Each structure stands twice: as C-alpha cells, then as structure tokens.
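**Student:** Sequence:
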Amino acid sequence: MYIVIAGAGLVGRGLAEQLVKARHDVVIIDKDREVCEWVASRLGAMALCGGATSIDILRQAGIDRADVAICTMRADADNLAFAVLAKSFGVQRVIARLRNPEYEGAYRLAGVNTTVHVANVFASQLLLEIEEPHVRQVYSFGAGQASIVVDTVPEGAAVSGKTVSEVGADADFPDECVITGIYRPETQTFIIPRGRAQILSGDRVFLVAAHANLRHASKYLHRKA
15 MYIVIAGAGL VGRGLAEQLV KARHDVVIID KDREVCEWVA SRLGAMALCG GATSIDILRQ
75 AGIDRADVAI CTMRADADNL AFAVLAKSFG VQRVIARLRN PEYEGAYRLA GVNTTVHVAN
135 VFASQLLLEI EEPHVRQVYS FGAGQASIVV DTVPEGAAVS GKTVSEVGAD ADFPDECVIT
195 GIYRPETQTF IIPRGRAQIL SGDRVFLVAA HANLRHASKY LHRKA
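Per this note's numbering, residue 15 is the first one in the sequence shown, and the count goes up by one each step.
The hints are simulated quantities; they were obtained by calculation from the structure and are not laboratory data.
The reader is advised that the hints may include incorrect statements.
[To be verified] Straight-line Cα separation of at most 30 Å, DSSO-like style, residue types lysine-lysine; simulated pairs:
(1) K35 x K238
(2) K176 x K238
(3) K176 x K233
(4) K45 x K35
(5) K35 x K101
(6) K101 x K233
(7) K233 x K45
(8) K176 x K101
[Claimed, not checked] Label-pair restraints from in silico Cβ distances:
(9) R56 x T201: 51 to 59 Å
(10) V192 x D92: 38 to 46 Å
(11) A185 x A91: 43 to 51 Å
(12) D186 x D81: 20 to 28 Å
(13) D78 x L123: 18 to 26 Å
The structure displayed is predicted, hence computed values, not measured ones.
Idealized CB from N, CA, C, for every residue including glycine.
The task is simple: from the sequences and hints, build the whole structure.
**Tutor:** Below, the structure written as structure tokens:
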C-alpha cells in the first residue's frame, strides 16, 4: 500500500518503521528538517519537510494516490485539517490520532474512518488498523499493549471446519494468541470454545493477544483454502 503519514514524532516514526518493514511505500511529512533527514536516512521512508496542511506539500507527497492517510501530529486541529484535505484528494481510509475526545465528532464529520486515542496509541495498534481493517477491537488492556478483538471468518477460508484444538496446534497460528469465544450469526449462538468446537465460515471469532500477534492471527483466519 501507499501510505502518507502526517507527523514524525515518536508515534509517526515508529509506525513508519513498522510499515517499511512490512514492505509498504511510506511518505512521512514533518516541519522539522533534522527529523525528516533522520527518517530518510534511518528508516528508508520518503520524508518531506513542510506543513502537512499545505496543499503543495500534500501534492508532492502523492496524497492523491494514497491508499491510507494517517495523522499523528500533536494538535487535533492540525490532524483534523489534514484529514479534511486527505478526503478532498480522494483518500479512502484516513486514520487519526485523537488527543481531545471533544474532537471525535468533528473527525467523524470529516470522514475519518478510525480514531485512536492518544492514551492507547501504539504503533502496533495503528498497524493493525491499517493492515487488518476488518478486525474490530472490543477491549484494550495492559496499557494498550494487548486487546480482545473480534474477526469474521470469510467464505472459503482454510480454517473453516477446523476445531479450536487443531488451530491451536497449528504452527502457523501464533502461540501467544487465545480464541476466547465464537459467535455464530446463522444460529445466533455464542460458543465458549472447547478443544472440539469447530470454526466455520461466517463465525465471529474473539481473540486475545498482543497487537503484533493479532495481526498474524487475523491473516491466519483469512487465509484461503
């Protein structure tokens, strides 16, 4: 994916580093020239020195062809302005770092797809939002380092028909990830999974793990047969 990040603070830099490692094309925008030079030389991402609310800078960043735009700047007002501009250029997915909860409604009106509160923001959590948008977080704990999420098993998934014990024993399923529940919409039943409980296409699977492992678990559940 082609991803534009506004803000090269700790969160922006950490996210850019993970995205580059995951082989995404990343452009990061920041006003601090020294920070931009560091990003370009150390992370391998393209860095633009300037304001992320400048239309000229956004055009240089290629915002019109971005798959995802992410705002991690310190001020909500700046993030909101960036989000509005990104949407005006046709970016389908915009993710915003939220500092003041009073801005949440404004972000929604601006078309922001996902907001992540600053108290819970971790680069790995943002990466989950970018790469696995179908995963929905239910609860975060351990200062945001781990979560309970729900993910829907798609039609044609290789995992369909397997038991919970078979999934747990599979070397491709993360060791430190636990299936804690299965909701089956077809019969409107919630299953407390035992070893022989089957996972079927359409099931909503509840998982508990650190964010990095949740990404791997989601990819496992969505792998085609």
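**Student:** None of the hints should be skipped; say for each whether it holds.
**Tutor:** Hints, verified against the model:
| no. | hint | verdict |
| --- | --- | --- |
| 1 | K35 x K238 | holds, 24 Å |
| 2 | K176 x K238 | holds, 13 Å |
| 3 | K176 x K233 | holds, 16 Å |
| 4 | K45 x K35 | holds, 24 Å |
| 5 | K35 x K101 | holds, 27 Å |
| 6 | K101 x K233 | holds, 28 Å |
| 7 | K233 x K45 | violated, 36 Å |
| 8 | K176 x K101 | violated, 41 Å |
| 9 | R56 x T201: 51 to 59 Å | holds, 53 Å |
| 10 | V192 x D92: 38 to 46 Å | holds, 39 Å |
| 11 | A185 x A91: 43 to 51 Å | holds, 48 Å |
| 12 | D186 x D81: 20 to 28 Å | holds, 26 Å |
| 13 | D78 x L123: 18 to 26 Å | holds, 22 Å |
When the structure is compared with the earlier hints, violations turn up for hints 7, 8 and for no others.
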